[in-house]
Every structure is written in structure tokens, then in C-alpha cells.
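Throw the hints in and build the complete structure from the sequences for me.
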Amino acid sequence: MQSPAARRGALRRLVATGVAAAIAGLSLAACSSGSGGSDHTLTVQVQAAQVPAFKNVVAKFEAQNKGVTVKLQTLTDEQKITTNGQIMAGNNAPDVGIVPTNAQSYTDLIKAKALLPLDDVWEKSDLESRYGSAIADSLKSNGTPYVVLFDKTLYNIIFYNKTAFEQAGITAPPDRQIASNDDLYQIVSALKGKGYEGIANGGNDGYRWGWMLDAQLYANASKSAFDDLTTSWQAGHKQKVKYTDPEFTDSVKQIKDWYDHGVFPEGVLGQSDDQAQALFTSGKAAMILDGAFSPPEIDKEKPGFEYDWVLMPGATAGKPTIPTAYAGDTFAIPKKAKNPALAKKFVELFVSDEMQAEQAKITGALPAVTTVDPATIPSLGEKVQSIVAYTKDKGSGVGWTSVLPGGLAQSFFDPQMQKVLGGQQTIAQLAQNQQQQFETFTSQNAR
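Residue numbering for the sequence shown follows our numbering, starting at 6 and increasing by one per position.
Treat the hints as calculated values from the structure; they're not laboratory data. For every residue, glycine included, the Cβ atom is placed at its ideal position computed from N, Cα and C. One thing to keep in mind: the hints can contain errors.
Simulated DEER-style distance windows between Cβ atoms [to be verified]:
id	residue 1	residue 2	range
1	T431	P122	40 to 50 Å
2	K129	T176	49 to 59 Å
3	A283	G198	17 to 27 Å
Listed below in C-alpha cells is the structure:
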């Protein structure tokens with residue numbers, strides 16, 4: 006099993022896939038990157054951090070399919086979101102590839118009709134119900150599934166130092182909800198009075214401001230507005246809610262208000278994930294923005310305090326935030342796969358309840374399907390299980406930056422938000438730029 010540090014790094018990069026995905030003009034010409042499959046060899050892409058889980062499935066698959074050998078083809082994070090589009094469309098395409106739905110490569114592959122529709126896999130594995138409607142809808146392109154989600158995680162969690170809260174006389178908010186901005190400002194003020202910084206956040210890593218926006222949009226916008234913001238870029242959809250409308254800008258303003266009220270440590274715009282974590286685990290910052298993948302890495306640092314978790318307030322009274330689900334770690338089968346039938350069998354095995362439970366034990370990621378209860382996987386840890394239990398009761402949100410292509414959402418928005426926080430542009434200018442990017446992107450990619 007890989008180290009917690011390696012898994013944390015891999016997962017946060019998965020959630021941040023859109024950061025590098027703005028690389029435009031990806032050519033879908035054939036590209037040789039190792040041999041494809043033969044009648045008895047199934048070629049499956051895998052990221053280094055996920056090799057142990059994949060090997061477990063491979064052993065099971067080979068035992069079930071005598072005479073078949075599975076060849077794992079290692080894929081880097083950078084390849085996954087850039088040149089893998091060329092590999093997947095080429096004559097030496099793997100049988101099973103990894104294609105994140107919020108990467109430009111996915112958009113290009115769909116546009117080039119280079120992926121097999123997987124309606125039959127979804128039906129056989131009952132994925133529509135086992136994913137849940139919100140995640141299932143986010144994985145489809147114009148109503149058709151071309152990908153299969155094989156793990157997921159939750160983010161937009163605020164971990165807090167229980168000792169710091171006690172010293173500052175702060176009672177943990179009921180139901181893990183910081184009820185309002187005023188409550189948040191009072192908490193941060195009390196903490197600063199005891200020498201603590203507020204919420205550590207890797208503000209220079211290119212995706213954390215987009216994270217916060219994800220939770221706010223899901224909480225603040227109406228369902229119809231949110232649905233439009235997450236689907237209007239697709240072919241066949243007409244934009245109804247513009248990025249200059251309050252349904253979007255109110256959530257941006259919420260983040261700006263937090264920044265203006267000193268919720269984050271000084272210099273947050275220049276801080277990395279690792280620096281943010283160091284601020285928290287050293288006891289200098291009393292809170293940190295992170296995800297369900299974080300406790301193993303926090304525990305590895307052996308902080309001298311107990312910690313728990315809460316959620317940020319929404320901009321609208323009575324509409325709190327909930328954890329955001331990242332569901333973009335997905336398999337696809339290229340049309341040029343040598344063994345598409347075997348590829349479908351491999352994917353079906355990977356998303357079976359048995360293999361989903363096994364991969365969660367090995368990697369620490371959450372099962373992609375609701376039919377595997379994380380409570381039955383003790384290795385996930387008490388805090389992760391408490392987060393999952395909360396989402397069972399309250400639900401989890403869909404991340405705008407997790408389901409839109411990176412060049413339209415995360416990798417474009419985050420630098421724009423940093424400019425707003427740094428005083429280099431207004432929220433109105435950000436909104437205009439975001440709308441222009443939408444119009445440019447859809448004219449080039451989705452119409």
C-alpha cells in the first residue's frame with residue numbers, strides 16, 4: 006500500500022484535474038505509446054498511486070478468464086489530462102483508459118466520437134441507481150454514458166483544532182454547520198485573539214478557490230440554475246443562466262467577503278497545499294480546507310491536538326453547504342480498443358461491490374457505488390466514516406469545477422479568483438471574463 010502522503014497527493018491532484026486541462030487544440034491523430042491488446046492480452050491504463058488496487062482486480066479477472074493476461078500501462082497525472090487523448094484515439098489505444106470527465110481530453114474524445122458508449126455496462130451493473138442520480142447525471146454526455154466511475158472522494162471539509170477552539174471559548178457548531186458569515190467571523194476573531202490563524206488554504210495551487218465556489222454554487226443557486234450552470238456548455242443546451250447573473254456572482258462574492266474579513270492566513274494567495282497543511286499541523290492555523298482524503302496525512306504528522314470537522318456557511322440563510330463529491334476518476338473504452346468485450350467485463354468487475362470494497366481498503370479512496378457501505382471498511386478511519394455518514398443523511402453536492410472541462414471551469418476560474426482577491430480585478434470583471442470564456446469554449450468545443 007502506498008504511503009498516506011502519496012495517496013493524498015494523488016487524490017488532491019485528481020480533484021484538481023482541471024488545473025492543467027486548459028491545454029487547447031489537442032490533436033486526436035494516432036499516437037503510439039506502447040502496444041495495444043491482442044486476443045489474449047487486455048491493456049488497462051493505471052496511475053501509479055492506484056497500482057495496488059488494480060493488481061487486486063487483475064488477479065481476480067485473470068482467474069475468471071483463463072488464458073487472458075492483463076497488461077497494466079502506467080499513466081502519469083500529466084499524461085492523463087493532456088496527451089492521453091491522442092493515445093486513446095490512436096491505433097495503439099489501450100482497451101481500458103482513464104479519462105477524467107473534467108479534462109479537455111474527455112471533451113475532445115467525445116467531440117471526435119472516439120469513445121464507445123457504455124449504456125450496456127451501466128445497465129448490466131445497475132450503475133444508474135448504484136451511483137445515485139446526481140453523480141450518474143454528471144457522468145453522462147448529452148444523456149449517454151461514455152465513462153464508468155471507479156472511485157470517488159469528498160472535499161470542502163473544514164478540519165479544526167479542538168484544543169484551539171476550547172482555548173478560544175468556541176463551542177463546535179451544531180450539526181457541523183457554521184450557520185452564517187457572522188458566526189464564521191466571530192470564530193476567526195476569537196481564534197486570532199488566542200494567537201491562531203483562521204482557515205489554512207493552498208491558495209496558490211490553482212484549484213482551492215474553485216473548490217470553495219463548488220460548495221457555494223450548490224448551496225446558493227436554485228436547482229434549475231445550478232443544473233444550467235453545469236450543463237449549458239454541452240451540445241444541445243442553450244445557456245439560461247449567465248455567469249454575469251447573481252446565481253453565479255453571489256457565490257463569488259461570498260468567497261471575497263471571507264478574504265476581506267481575514268478568514269484566511271496572511272499570504273494565502275502565495276501558499277501551497279503543503280504550506281497550508283504545515284500551518285495546520287504545527288498548530289499555527291486552527292482550521293484547514295481539505296477533504297475526506299486528508300486525515301491519514303494529517304495523522305502522519307502527529308499534530309499535538311485532537312481535531313474534528315465542520316462545514317462553511319452558505320450565502321443564503323437556511324441553505325447550508327454540504328460536502329462536495331468528486332466523481333471524475335473514470336474508465337473509458339476507446340473505439341479502437343482491440344478487445345472491447347473483455348474491456349467491458351473488466352470494468353464491470355472493477356465496479357462490483359466486492360472489488361469496490363477491496364480497492365477502498367487498499368487505496369483509502371471511497372467506493373464509487375452506494376451499495377458498498379464505507380462503515381464496513383474500518384481502514385478508512387473514524388473521521389472519514391463520519392463524513393460519509395453525514396452525506397448519507399444530508400447528501401453531497403456536485404462540484405461545478407469537477408464536472409465541467411477544466412479549460413472552462415477550474416483552470417480558468419481559479420486564476421481569475423486570485424486576481425479578484427489580490428485587488429487586480431472586480432467581481433464584475435471576473436464574471437464578464439467567465440462568460441466570454443464560456444462563449445469561446447462552447448463555440449470551439451461543444452456546439
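Taking the hints in turn, this is what the structure says about them:
no.	hint	in the structure
1	T431 x P122: 40 to 50 Å	44 Å, holds
2	K129 x T176: 49 to 59 Å	50 Å, holds
3	A283 x G198: 17 to 27 Å	23 Å, holds
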